Amino acid sequence: MYGWIWRHLPGNAWVKALLSLLLVLAVVYVLFQYVFPWAEPLLPFNDVTVDGQ
Amino acid sequence: MSVRALVRTFSELCITVGTVIVLFVVYVLFWTGVKADRAMDHQIDRLQDQWAEQSLAARDGKSGRGAPLLALHTKYEDGEPFAVMYIPRFGFTWNKPVLQGTATGTLKKGLGHYARTAQLGQKGNFAVAGHRRTYGDPFKDFPELRPGDAVVLTDGTTWFTYRIDRKPYRTLPADIGVIDPVPRKSGYREPGRYLTLTTCEPEWGHSHRLIAWAHLDATQPVEAGKPEALRR
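Each protein sequence line maps, in turn, to chains Z and E. By the count of my numbering, the first sequence reaches residue 53 at its end, each step adding exactly one. By the count of my numbering, the second sequence reaches residue 232 at its end, each step adding exactly one.
The set of hints was computed from the structure by calculation and includes no laboratory data. There may be inaccurate statements among the hints.
[Claimed, not checked] Estimated spans, in silico, between C-beta atoms of each pair:
(1) Z:Gln33 - E:Glu77: 19 to 29 Å
(2) E:Arg46 - Z:Ala39: 26 to 36 Å
(3) Z:Trp38 - E:Val222: 38 to 48 Å
(4) E:Asp49 - Z:Met1: 43 to 53 Å
(5) Z:Pro37 - E:Gln122: 31 to 41 Å
(6) E:Lys75 - Z:Leu21: 25 to 35 Å
(7) E:Ala52 - Z:Leu19: 42 to 52 Å
[Unchecked claim] Which residues of chain Z face chain E? A partial, calculated answer using Cβ under 10 Å:
(8) Tyr2
(9) Leu9
(10) Pro10
(11) Ala26
(12) Val27
(13) Val35
(14) Glu40
(15) Asp47
(16) Val48
(17) Asp51
Fair warning: this is a prediction, and the values are worked out from it, not measured in the lab. Built from N, CA and C at the ideal position, the CB exists for glycine as well.
Chain E with its partners taken away, still in its complex shape:
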């Protein structure tokens, strides 16, 4: 093979590798977002379906109060959605499904609930993880959270309004104390109904984690309409 052919093949290889890298960047920055938006919409649709069926069943059933009670004690199934989260600070239209578990595949379809933490609204710590970047950037504006900000969740029967208590706290990835029932470093002393959000820090890295803590401020049945925090 002549030197000429060698040089040509080498340059063609370089151009190919460069093109693949550019395509990969497009995939990470853009395509994962498209895929995640589609997946999250699908999860929310599934929830709405499920809730519609539940309320129909409740109407047709013996007692109107039966279904909401049943829903409260439902066991969350791994990888399945069970709630929708609203954070007005991230935008008035910001809403994401919350799925059970924090597996990589689960976090591609929505926010993930740490399986060993408390259930929504119950005593203990309801801890949720989400992507800061890629897969729809759900927690992109995480550092913007401020004390008093509302984190609203619904499980189809009840609205839960949590209030953020301090600015996001930066910690190390192994600091699992932040999702304890009474989270360490949060300033909470008594057992209570808390919520913890976690995401990565810095934005594109994984050396640290950002944590936000909130306490349950109010609950109301869905029949009572949207909670105060979501009204404009």
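Next comes chain Z alone, as it looks inside the complex:
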């Protein structure tokens, strides 16, 4: 999987490394901005009321 991505990135090794870094940052951003805020309320830490609202 990662080997496949590496092979399909353009440029020499340095450009590939830079692009991979950008890809990783983009994935982390999407996770923190969209995926985790959606997943977090499914965990029990939000249940602090007694009327179940």
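On the provided structure of chain Z, position chain E as indicated by the hints.
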């Protein structure tokens, strides 16, 4: 596809899932706190702004007494801040905004006031919920509350000092009687001006709730300075 490629892809997937889980833990333990601190500071700033404008309006208005009376009868708006809470037991610098409603989104920005309970300082039960863990851990030290501890609130015109009456009480999530006007199990018999705090129990779970009850001990106008409980 060779066995070799299969095994490699599988291990890469495992490593990826592991990394995402670690990132999620970082998000829950650390990032929600950063976000909540920012959001709570913003809510307190908004309140200070609002109060500054109110007092300016009162000074420029016809009567100096008009504005505080007006503020008392303001309707709380859902999701909007209306007070700041101080609990010296949680630390001298501990202060959090109190917002109207207990929706999930509201509790990310501060403490939440149960919409159907009494307003601040009024007859009945002023009930407030807060996160024990995540989102800035506002009620992390909840079990440390002891009888006599002060819970101080201000709505910009008045300081309200409530006093805790018993150690935190552990109950089940469906026990809505604890936020009744005269809370069940609290030991209060007569109607009065009470405050109820609720959070989750155990710390990281949701099987129970921790409840703390307090009664209104003193009020004073903000012009009189900080109440006794907040002076060092």
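Against the structure, the hints:
1. Between Z:Gln33 and E:Glu77 the CB atoms are about 28 Å apart, so this pair conforms to the stated range of 19 to 29 Å.
2. About 29 Å separates the C-beta atoms of E:Arg46 and Z:Ala39, a value consistent with the hinted range of 26 to 36 Å.
3. At about 41 Å, the beta-carbon gap between Z:Trp38 and E:Val222 stays in the expected band of 38 to 48 Å.
4. Judged by the Cβ atoms, the range 43 to 53 Å given for E:Asp49 and Z:Met1 holds: they are separated by roughly 51 Å.
5. In this structure, Z:Pro37 and E:Gln122 meet the distance hint of 31 to 41 Å, their C-beta atoms being roughly 36 Å apart.
6. Between E:Lys75 and Z:Leu21, the C-beta spacing of about 52 Å breaks the proposed range 25 to 35 Å.
7. Judged by the Cβ atoms, the range 42 to 52 Å given for E:Ala52 and Z:Leu19 holds: they are separated by roughly 50 Å.
8. Because the smallest distance between the Cβ of Z:Tyr2 and any Cβ of chain E comes to about 6 Å, under 10 Å, the interface hint for this residue holds.
9. Below 10 Å, beta-carbon pairs count as interface contacts, and Z:Leu9 has none with chain E, the closest being about 16 Å; its hint is therefore violated.
10. At a threshold of 10 Å, the smallest CB-CB gap from Z:Pro10 to chain E is about 22 Å, leaving the interface hint violated.
11. For the restraint placing Z:Ala26 at the interface with chain E, the shortest Cβ-Cβ distance is roughly 13 Å, beyond the 10 Å limit, so the hint is violated.
12. Interface restraint check: Z:Val27 against chain E, minimum CB-CB distance 9 Å, threshold 10 Å, status holds.
13. Taken as an interface hint, Z:Val35 checks out: its beta carbon lies about 9 Å from the nearest beta carbon of chain E, inside 10 Å.
14. Contact between Z:Glu40 and chain E, as hinted, is supported at the beta carbon level, the nearest pair being about 6 Å apart and thus within 10 Å.
15. Hint status for Z:Asp47: holds, given a least beta-carbon distance of 4 Å to chain E, under 10 Å.
16. For Z:Val48, the shortest C-beta to C-beta distance to chain E is roughly 5 Å, which falls under 10 Å, so the interface hint holds.
17. With its C-beta approaching chain E no nearer than about 5 Å, Z:Asp51 sits inside the 10 Å limit, and its interface hint holds.
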